[in-house]
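Trainee: Let chain A serve as the given structure and place chains B, C and D with the ligands on it in line with the hints.
Number of protein chains: 4
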Amino acid sequence: MPEVIFEINRDLSVPMAHQAVPGHNRWHPDIPPANTVRPGATYRIECKDWTDDQVRNSDDAEDIRTMNLDPCHVLSGPFAIEGLEPGDLLVVDIVGIGPFEEQPWGYTGIFAKENGGGFLTDYSPGASKAIWDLDGIWTTSRHVPGVRFIGNSHPGLFGCAPSPDLLAEWNRREQALIDLNPDRVTGDIPALQGDVQGTPQVPALALPPLPKDALLGTLSGSAFDEAAAVACRTIPPREHGGNVDIKDLGVGSRVYMPVFVPGGLFSIGDLHFAQGDGEITFCGAIEMPGFIDLHFDVIKGGMERYKTDMPFFKPGRVGPNYSEFLTFEGISVEDGRNYYMNATVAYRRACLNAINYLMPAMDWTFEQAYLFLGAAPIDGRIGGVVDIPNSAVSLSIPLSIFDRSLLPEGAGGGRELVAD
Amino acid sequence: MPEVIFEINRDLSVPMAHQAVPGHNRWHPDIPPANTVRPGATYRIECKDWTDDQVRNSDDAEDIRTMNLDPCHVLSGPFAIEGLEPGDLLVVDIVGIGPFEEQPWGYTGIFAKENGGGFLTDYSPGASKAIWDLDGIWTTSRHVPGVRFIGNSHPGLFGCAPSPDLLAEWNRREQALIDLNPDRVTGDIPALQGDVQGTPQVPALALPPLPKDALLGTLSGSAFDEAAAVACRTIPPREHGGNVDIKDLGVGSRVYMPVFVPGGLFSIGDLHFAQGDGEITFCGAIEMPGFIDLHFDVIKGGMERYKTDMPFFKPGRVGPNYSEFLTFEGISVEDGRNYYMNATVAYRRACLNAINYLMPAMDWTFEQAYLFLGAAPIDGRIGGVVDIPNSAVSLSIPLSIFDRSLLPEGAGGGRELVAD
Amino acid sequence: MPEVIFEINRDLSVPMAHQAVPGHNRWHPDIPPANTVRPGATYRIECKDWTDDQVRNSDDAEDIRTMNLDPCHVLSGPFAIEGLEPGDLLVVDIVGIGPFEEQPWGYTGIFAKENGGGFLTDYSPGASKAIWDLDGIWTTSRHVPGVRFIGNSHPGLFGCAPSPDLLAEWNRREQALIDLNPDRVTGDIPALQGDVQGTPQVPALALPPLPKDALLGTLSGSAFDEAAAVACRTIPPREHGGNVDIKDLGVGSRVYMPVFVPGGLFSIGDLHFAQGDGEITFCGAIEMPGFIDLHFDVIKGGMERYKTDMPFFKPGRVGPNYSEFLTFEGISVEDGRNYYMNATVAYRRACLNAINYLMPAMDWTFEQAYLFLGAAPIDGRIGGVVDIPNSAVSLSIPLSIFDRSLLPEGAGGGRELVAD
Amino acid sequence: MPEVIFEINRDLSVPMAHQAVPGHNRWHPDIPPANTVRPGATYRIECKDWTDDQVRNSDDAEDIRTMNLDPCHVLSGPFAIEGLEPGDLLVVDIVGIGPFEEQPWGYTGIFAKENGGGFLTDYSPGASKAIWDLDGIWTTSRHVPGVRFIGNSHPGLFGCAPSPDLLAEWNRREQALIDLNPDRVTGDIPALQGDVQGTPQVPALALPPLPKDALLGTLSGSAFDEAAAVACRTIPPREHGGNVDIKDLGVGSRVYMPVFVPGGLFSIGDLHFAQGDGEITFCGAIEMPGFIDLHFDVIKGGMERYKTDMPFFKPGRVGPNYSEFLTFEGISVEDGRNYYMNATVAYRRACLNAINYLMPAMDWTFEQAYLFLGAAPIDGRIGGVVDIPNSAVSLSIPLSIFDRSLLPEGAGGGRELVAD
Ligand SMILES: [Zn+2]
Ligand SMILES: [Zn+2]
Ligand SMILES: [Zn+2]
Ligand SMILES: [Zn+2]
Ligand SMILES: [Zn+2]
Ligand SMILES: [Zn+2]
Ligand SMILES: [Zn+2]
Ligand SMILES: [Zn+2]
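Chains as they are written, first to last, in the working numbering: chain A, 1 to 420; chain B, 1 to 420; chain C, 1 to 420; chain D, 1 to 420.
Chain A extracted, bound-state conformation (with noise of 0.2 Å):
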């Protein structure tokens, strides 16, 4: 086993704040580390789940429908890497993840619309849960019965400390949005009030700083107060990465990192055992607590090297080799209206369609239907983007994790290849 360099208490319960040395949960250049790791080497990083252990192994969805977005995500760091400087790229190897044996599941909620809602939240605006439980390599659920998959499990979040410019710039340009609909996110607002460019409105543009419930590691007193007035929140992807939730960074994955801070001040959480592309039940993947083990490396001048200021990947090869698959096509057009070259509605309606084809196949509800394509290894990908004015996207799932036929029957339909 690699070198523990942050620890997580087993009894789960223990909060983040309380830990024997706390993480953080926004993301600010003044952080102390909380640990320094040598480049070249491997090390185990412990995280708890992005709620800080918010969610119950139980039948009902209480604990997501009240959840406290507030101190969420919890993480883990950040970590000083020796001689790391702004303009290098820090590699990270994903050597090896999966849960805690003290917990041997994890969980997919649907946030209720007036908690900000999901993917689909105008289609199923209450809160809902399913427990997964993990058995090595596979999961399955007792509340969306029928389906058995691998995870290739992966971290959601994961980035490099903005410099306090580009913290600056983050808060400029979030706060801009804001300021365009304020009121968003206390109103219950109908959706597709967007206008024809943009989405179908759902609560909240974006979340500014929020001292309240804020945890900046071992800072405090007035360094805190200074920090956690401008810290970021963790929900969007940015620049250095953050919340990216793509599942295909799972076990022999290497990721390049820009570093924006001397030392780098990389910092990780968000444990997902296994993720449909998109995340779109927010509350989310296959989220657990869990172990993760990463090999640090450095690329001096990387940034200029390689004429990048955005992370970048080499996907790993060991993630479930499927070759079949059933895809769904959505294009750009939701209640009659079309929405001129939006690859996220065009995505929402491909959802639906699985969605559509999958309750009746399966016997589930929507909202079983809904979990599964959070969590399952489903693809989503770009169709088209300049054929206006409709774009198209496309979602695949694999054929082999269910435990029947998902195949159309009758002439024309039968088994994969023989078309009678």
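Do not take every clue at face value.
Capping the alpha-carbon separation at 16 Å, the derived lysine to aspartate or glutamate pairs in EDC-like fashion look like this [unchecked claim]:
#1 K307(B) <-> E101(A)
#2 K300(D) <-> D165(D)
#3 K307(C) <-> E409(D)
#4 K307(D) <-> D363(C)
#5 K307(A) <-> D363(B)
#6 K300(C) <-> E409(D)
#7 K307(D) <-> E409(C)
#8 K300(D) <-> D59(C)
#9 K307(A) <-> E101(B)
#10 K300(B) <-> D179(A)
Source of the hints: derived by calculation from the structure; they are not laboratory data.
Mentor: Quick look at chains B, C and D with the ligands alone, frame taken from chain A:
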């Protein structure tokens, strides 16, 4: 060789209107069948390239710059399928596809901004072109040196005719979109003028019916005039499929398609030797004239039975198998502005990040990298669509199609799996 | 279409000897080139089926039972490659391959024991045959119902001419083998008569030169007689490649081949639509006449540089991608007898174990299952070759080519990933 | 973590005989169950390495040279499965596998010829060893520089106990083999002394029962003596599975196994971090102590229902996905002699051809290349087994596990798909 049900004169300069049986370039239910087929059998359909032979095998892009889009796309068909009725699903297997021996090359074009542009028109407003030589399963281009890849050839555009009601609905909602800004098509409108919910503006919100250069098979006289006045353009994907441009629909794929009129009236065209997800150059993939062999079958009452009013697919299993990729990410932030949950902007940023990396690595111009992304087998994947305010989209490039290593070098670099 | 350098009359009953330029059916360095090619270019070569059209599209196996093996295999070539010299490596890319439109079917035959038999001749001593209809990338057979699969078409036999010395060496060592038991070819020798280190005996230890029915291109007169007396038969694989029957050498593959005579004198034939590892039926894969497109190139002095006197390969990447297999195992124990480290016996046992499973599962006869294993994309893999006294070999069958589930049912059975 | 049903002292020097519950190193139906399991549940079984800790993490091969084979393989078990009876099929899912944290390394050894040797012992008669460091999913070796690869860890040896009759049959037929040449084990017999149908001789035709160093679980006294006199050695694969050494049986695999005695009496051991097909070094793969998590289930009466008396498998889908290989071929000709249809000789030649290529390319000794082929994920595939007189077998090496390009260079060389 299967029975040929639509023949193209191998003097490829003969326009679609002058073929033995002409095809069409608009969608309308009154276009008479070009031929009739039986379910359970395989047929060959020959196709012109989508522009009806407007592009030459030359080293300048004058033909792209002066392209007349009005006759595009020229399609082969429609074909009536015996016994097919509204509410059925038409099952189409893609059995074979290839270029004509007379034209062993294809093209990728980037439209000039004044001609509608492509996905990155604000970054490359001029016209560009690459000619791709087709050598069996491979292609190379003298205009994009250093890459050689295998084409998973596929049809970009296919679908059944809309019913009169569906056609009317298409016209209604697209006109509503045009009416939001009817001047867009003619003006030289700067990018980024779009408001925060939308994408940066580019010319043309949508294209209304256009009798000029319309071709409706054998329809003529007043019947032609009536139909041409309302027949829909072929540019966007719609409920029947249409210009879906899904690069995975190569040989071995099965398509399940909704049927809206008696006989189905299936048409096809826009053959691609290869394509990148999104076909970001607009004109487009590696476009080619050629043949496609299709097997037809029917699921009676399949639309209700499988709860669908959109095509769905089972992709084939013979596309090239790659196992190493370099993956770039984009988020919906452009020019200092957050675009709320906009996957289209995120994909554009991913494309630009890839281009920035490729230009020095391959010694390419911006346009060469742009043409490459439109033509080569690159994957565009939905990352995040719920992490307000930023969508994330990733773009993956197979590493083995290049004549050199694309991976970063140096500490932490080197060959894939050797971390040194 | 590439330039055709070897043409076959499309009246396929015209024998190889009467083609415009005849091919050959023996190996000898004096056979004059049928044509000359340039390195760096792609050419089309047309081929007859290996038996020179002795097999009919019929429902009985009389043609297989009475097959004349003496003119087999008929090959196209030889081709001289400009500048190629002994010690070079000839680099051949397989660019395309397919059946002739005139014969959209192929065949798999099992020879009767008196005619040499196949791998399981002691278990199925009669002649059998299956006709496979070719439908684009797929094939089905009225003689082997319930399967439909994709062919990774490939050449079974290719190689450069041996030098006179190498030819003499082949004759010497093969005669030495024949001399061990020269009566084997005529007698009806029971299986298992072989001693413990060897395989069960079947007729014929090796085939010596045979002037009868020999075809040596345009060679005639005394030159023909001299060459025919020593020219080697084409049945076995040898140092130049020859009848390698490697099913992975489909389109996209590259072959590096040793060169023994000036110009190389490359020949090819024995095209297969599809094949199982081992081609256990002997006659054999799905045999077909057709065309193959090859790109030629040269590595000067490559044999010494890469320390090779045998061909080596880089297989292509467009063969069908399967992800679910059922795998049978065999060990080198037969009829109560241990065969010391004998992978050949182990593979035969794996084949028999698979046949025992397939017969009831698919409602097939022994012969149908046997024909299936010779023709379908099954993998034969070396398991153990050191665990005295038993070799182990495995045989894997892709599950999705069947019209039903082949997995065991019941507790522990059911669909792949759902355990109970 | 699943319930542990067999525990290994983490002082790994404690021999198997002194574990809390000892395992065994011979096959006999009277060995008492070490534990009992329920169908439908998952359990953890801990295993010693197959030699019971005879190998050290050192740079010399003295431990390999002086290895005592008599106590090998030490196995964990046997386990009785509730309700299992002769004629049933035991269904085992491989849910997880890994090394102990206490020993993050494994070894590959080549036995000296006087100690039995390996597959290439006539070419490398001394003892050799490589230590492999295990770093998550990867391994590297200071003794075989320049490669890094992912292990598809798997058990080399597992099976149910034989019935008394089956055990007697094994002894009968193996003794018959030994009787053919009882002196082979002691003499230094030159290779190639075998006759033409067989393989070159190496020491030992088979290993008879050996009471010395026998371990039969808790059996003792006269019961031990009686059983030890006839209990079979564990070296060969047999009808129950046994030492199958199939490298594809990694996590996610399902095994269907015949049951010969009440309760089944399943045992397992010989864990491999990774292995090449054939495990040609004999000692062997990358051998390691560690844990394996198994899920048990039962198909009542499955042997008759599925017509099987041998294990069969459904391999998992998470092994590393490679798409580029270099493939070497071997034919059954050695030292100027044809070995009639001998796939074992053909595989040896393929191994030697690969080694000849690898030595200069990687700057390796013969032994380094030999150790590599035993340990790395190389595929051995049956080519031809009917083309008299020569078998052909191929050996494929994934190209991306090396720190340099292995493809030939020069004209026709260069990177994979770029021909010139
Ligand atoms: Zn996340
Ligand atoms: Zn998450
Ligand atoms: Zn298109
Ligand atoms: Zn197109
Ligand atoms: Zn052959
Ligand atoms: Zn053949
Ligand atoms: Zn073993
Ligand atoms: Zn072993």
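Trainee: For each hint given before, does the structure comply? Return the numbers of the non-compliant ones in rising order.
Mentor: Per hint list: 1, 2, 8, 9 and 10 violated.
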